[in-house]
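Engineer: Here the protein sequences line up with chains P and U, keeping their order. Residues in the first sequence are numbered from 243 upward in steps of one, following my numbering. Residues in the second sequence are numbered from -13 upward in steps of one, following my numbering.
By construction, these hints were calculated from the structure, which means they are not laboratory data. Predicted model, so just to flag it, every value in this text is computed and none were measured. Fair warning: there could be bad hints in the mix.
Unchecked claim - Label-pair restraints from in silico Cβ distances:
#, chain 1, residue 1, chain 2, residue 2, range
1, U, 456, P, 263, 41 to 47 Å
2, P, 263, U, 361, 35 to 41 Å
3, P, 260, U, 27, 22 to 28 Å
4, U, 107, P, 263, 39 to 45 Å
5, U, 85, P, 259, 33 to 39 Å
Claimed, not checked - Simulated coverage check for chain P against chain U, where a stretch passes if three residues somewhere in it have a Cβ under 8 Å from a Cβ of chain U:
#, stretch
6, 248 to 254
7, 257 to 267
From the three backbone atoms N, C-alpha and C, an ideal C-beta is built for every residue, glycine too.
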Amino acid sequence: MSDMRRSYVSVVVIWVLVLAALYVFQQYFS
Amino acid sequence: MHPVDWTIIAIYLVWIVWDGIRLTKRSHELEGYFLGGRSLPWWAVGLSVMATQLSAITMIGTTGQGYYDGMRFLQFYYALPIAMIVLSVTLVPFFHNARVYTAYEYLETRFDAKTRAFTSFLFLMSRSMSLGVVISAPAVVLSVAMGVSVTTAVLMTAIPTAVYTMFGGVQAVAWTDVKQMVLIVGGLIAAVVVLIFQLPPDISLGSALHVAGSAGRLQTFDFTFDITNQYTFWSGTIAALFLFLSYFGTDQSQVQRYLTTPDVDQARSSLLMSAYWKIPLQALVLLVGVLMFLFYLYTPGPMLFDGRHDRELREGPRASEYLALEQRYAAAAEARRAAGVALAQAEDAGESARVASEGATFKAREAEVRVVRNQALAFVRSATGDTTYNDVNYVFPTFITTRMPVGLVGLLFAAIFAAAMSTIAGELSALSTSSVIDLYRRFIRPVATDRHFLMVSRVATAFWALVACVVAVQAANLGSLIEVVNRFGTYFYGSILGVFLLAIWFKRATANGAFVGLLAGMGSVAWLIAYTKIAYLWHNLIAAVVVIVVAMAVSAVDPFARKAE
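Please take these sequences and the hints and turn them into a complete structure.
Structural biologist: Written out as structure tokens, the structure reads:
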């Protein structure tokens, strides 16, 4: 896997984790 | 404001101009002035892209939105990381390998001069308008804090920025952006810390956040599918994707920045920095708004944060109505405070039945406060004739000037200046580049020395700064600024994206087809705005589709294309 392709995969993984964290944050404090 | 704060602001303004000009290298050559000699590192370009995006409107308008509306605006940015990946794979290598100065230059290679000139013209019009709005945001802050006119405040922001952009070119813009970005993030973190420490001592941060959640201020996901609502998960992930593709992929202020890197991979890496950090950064900005909501919940503040009409209303013929509204607001805010304390105590005690009952009471009290506030807004509009009156953009400036310690007031104002100047500089540089490369050098004077083009570029920068200042003075009277800026662009963004998609992926598209498609796309947005309630984020997607469909239909019957075959 090229360096750029690895970067794209890590962007998607971090994106999913950030959205999941925001959802948990919303549910926990609501 | 304390003299220490004034000193901090003055030092910042002088230092940033001096530093911008000092760091400039090779700005006597065209490529050095417009593209930094294609030698800037990816991390500096990445920070510069983020700084241009994070304007003073974000600092003032978005914190105000966080205060009144909570964090749901965050959904607007959910598609941004995906847009950055798509652009890194598609448009970035095209532009970089084409060795162009502007995005629109590429359209002449693929289509013709009129398509290039028209898209460049659209960029110049929409960007100069939105730049005016961007300048007016810190002007609003300054006019509140200093008691000066909006015009004076506009000039204080725009002149230093125009000076270092004129003389330093894109290198001055990028390197000052890096430092300004550090100042902005530092200022936001300082604001969060101060706000947390100003919560009442008997209320923990956790229980306070539960109270904010009960008031709907922590909602970051709305899965309702409603195309008339701007801020839902679907608008943010589908419709906003096309806005970001268009903004980061075809707007010269963004394209110019990643053309300054030495190679394609560094250009891609600079964009991916936004992909990682934009959502957390925007969450931090909105969190400042939510924490201000909690602060003013437990320490009731003014009924309206914009006090420009206060004296006129107190002394006018309807003074008794205004005072009655203020008394009702004070009573409603006090009832909400008591309910907020009771709810926080119930949260701390961990009694779920009590939390439910106190939560219901708090929501009812919060609704009452909203009703009185909305009545107050309507009253001010009708009593003063100021039909666009809204105090959203005044919440953060009011908090800074009345509740922040000496020193931090100056730091926060410097951060707001930094946010404004980083955006203004990037836009001015892009406006100047497009004016000179796409119009002046292409149609008026194709051959001249670099010295001549640099002189014209500096004049163009000064001209666009002047235009933006005039627009800024008018825009200061508009409502929530962040939406205004986005709406300016939406008239054109989707259509221009459609033309670039045609250029890259539709080999059969002809120049005439692309031009007619572009006009049809813009016409479709005008129709959507006039006759439907579809949220503006969706206009980009619809316009891009209209451009492609119409362009391909025209291309199929284009007589000039047949002759060429």
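Engineer: Now tell me if each hint is right for this structure.
Structural biologist: Status of the hints after comparison with the structure:
| no. | hint | in the structure |
| --- | --- | --- |
| 1 | U/456 with P/263: 41 to 47 Å | holds, 44 Å |
| 2 | P/263 with U/361: 35 to 41 Å | holds, 38 Å |
| 3 | P/260 with U/27: 22 to 28 Å | holds, 26 Å |
| 4 | U/107 with P/263: 39 to 45 Å | holds, 43 Å |
| 5 | U/85 with P/259: 33 to 39 Å | holds, 38 Å |
| 6 | 248 to 254 | holds (count 4) |
| 7 | 257 to 267 | holds (count 6) |
Against the hints set out earlier in the document, no violation occurs for any number.
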